Each structure stands twice: as C-alpha cells, then as structure tokens.
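These protein sequences, in sequence, are chains A and B.
In the numbering used here, each residue's number is its place in the first sequence (first place is 1) plus 3.
In the numbering used here, each residue's number is its place in the second sequence (first place is 1) plus 348.
Derived from the structure by calculation, the hints contain no laboratory data.
Please note: incorrect hints may appear among the correct ones.
As the list claims (entries may be wrong) - Below, in silico cross-link-like pairs of lysine-lysine (BS3-like), each with a Cα-Cα straight-line distance of 27 Å or less: (1) 86/A x 14/A; (2) 65/A x 417/B; (3) 86/A x 417/B; (4) 74/A x 445/B; (5) 86/A x 47/A; (6) 445/B x 351/B; (7) 47/A x 445/B.
Computed from a predicted structure; not experimentally measured.
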Amino acid sequence: EAGVAQSPRYKIIEKRQSVAFWCNPISGHATLYWYQQILGQGPKLLIQFQNNGVVDDSQLPKDRFSAERLKGVDSTLKIQPAKLEDSAVYLCASSSSPSSYNSPLHFGNGTRLTVT
Amino acid sequence: DAKTTQPPSMDCAEGRAANLPCNHSTISGNEYVYWYRQIHSQGPQYIIHGLKNNETNEMASLIITEDRKSSTLILPHATLRDTAVYYCIVSGGATNKLIFGTGTLLAVQP
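Kindly produce the complete structure, drawing on both the sequences and the hints.
Shown next as structure tokens:
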C-alpha cells in the first residue's frame, strides 16, 4: 500500500511569514495526526482528526497554528505568522481507527521547516 | 510527559541481538506498550506492541515483565540498517494518543 505522503519535503521562510504543509494519509484511514518534532526531541502531538472532525487539539498553539481536514481525507497544517521556535520537522500520521489497539500509526517522512 | 524511561543510547555489534530496555512503572491496567523506531530523516515506524503477553513479529520480540513495570525490545540479529532512535510508549484509552519521549539511540557497529 502507498504510505503517508507529505509535501513539501523542505521549507525555509523568514519569521512572520506564513507557511502551509500538506498531508495525504493512507487510503481508508479515518484518523489523521499532525506531530511537531524539534531537533533532539521526540515527536509532539499537535492535533488529531477523526474523519473531518477534531478529536484533540489541546497542544496546538491556536493563535498561530491552524489545521483542517476537508472531506476527511487530505489535511493541511498552517502557521501564520511563523516564529523562530517553529523550526522543526512536521510529521503527519494516519491510522485506520482511533481506538483500536491493533491499528498502529503510519508516519510520513515529514516536512522540515526552517524559520530564519 | 512521557510515562517511560529509556537509556539515551546503546551500542550493539552487527549480527548480535540488541536488547532495548524500557521502564514504565506507572502503567495502568488498560495501557499497552508500543515500540516505534525512527531512522535518520524518516518518520517513526511501528515495530510491535503488547499488553501483558510476550509478542513476536517479523521485526522483533517484546518481552513484558509479569508486573508490567518494564519491558525489553529484542532485535534478534541487528544489522547496520537497524541504527535508529527507538521509542517505547505507553498508551491506552479511546484516542490511541501516543506521547513520545526522547527514546534510545541504538548504534549498530560493524
């Protein structure tokens, strides 16, 4: 099966600019996650979708970050305006179910964002 | 905060078994132990998970102690391609939410 697709692979922007990341999950996967991974740390969950509804966005900095999953398939994550501390890899993951213990997460290779 | 404790780094000789420990002394009865790994410049990859019984798949074996307070991931014959950061995660409940710590960097030496 095709894996989780993310684009772009790399992005460099200046602080206060805006940026958007795109994710296409594995076909049929209802649950989609966005994680932020700062260099040297483990991934941190930003938001979880079930179909096109938000399940958990408690760690999303809502003053500058937004995410949507229209039609319950593709998703976009946006940052506006970006800060230096937003430099990180943004990972998208999907799973077939939000609550089944036998549905592991499948991750894309991420978008590496550098804010200068 | 992550509910697990792992050594920051380990070395293993190529062809030998790699045994990665994880402590999760506050695990509750409905929480599973998951292992993921992350090879450089890639997203995390699922390896294995278990509740209380030992588990084995084509990638690895998971040994969980009887009191479930610790576990060991075993890669039976490590290769150079197994060099990665290995994350041990405890998770349960309805949302399948994974909270990653900093993991163990396993370096397989030729």
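For each hint, the structure was consulted:
| no. | hint | in the structure |
| --- | --- | --- |
| 1 | 86/A x 14/A | 14 Å, holds |
| 2 | 65/A x 417/B | 36 Å, violated |
| 3 | 86/A x 417/B | 40 Å, violated |
| 4 | 74/A x 445/B | 23 Å, holds |
| 5 | 86/A x 47/A | 17 Å, holds |
| 6 | 445/B x 351/B | 13 Å, holds |
| 7 | 47/A x 445/B | 10 Å, holds |
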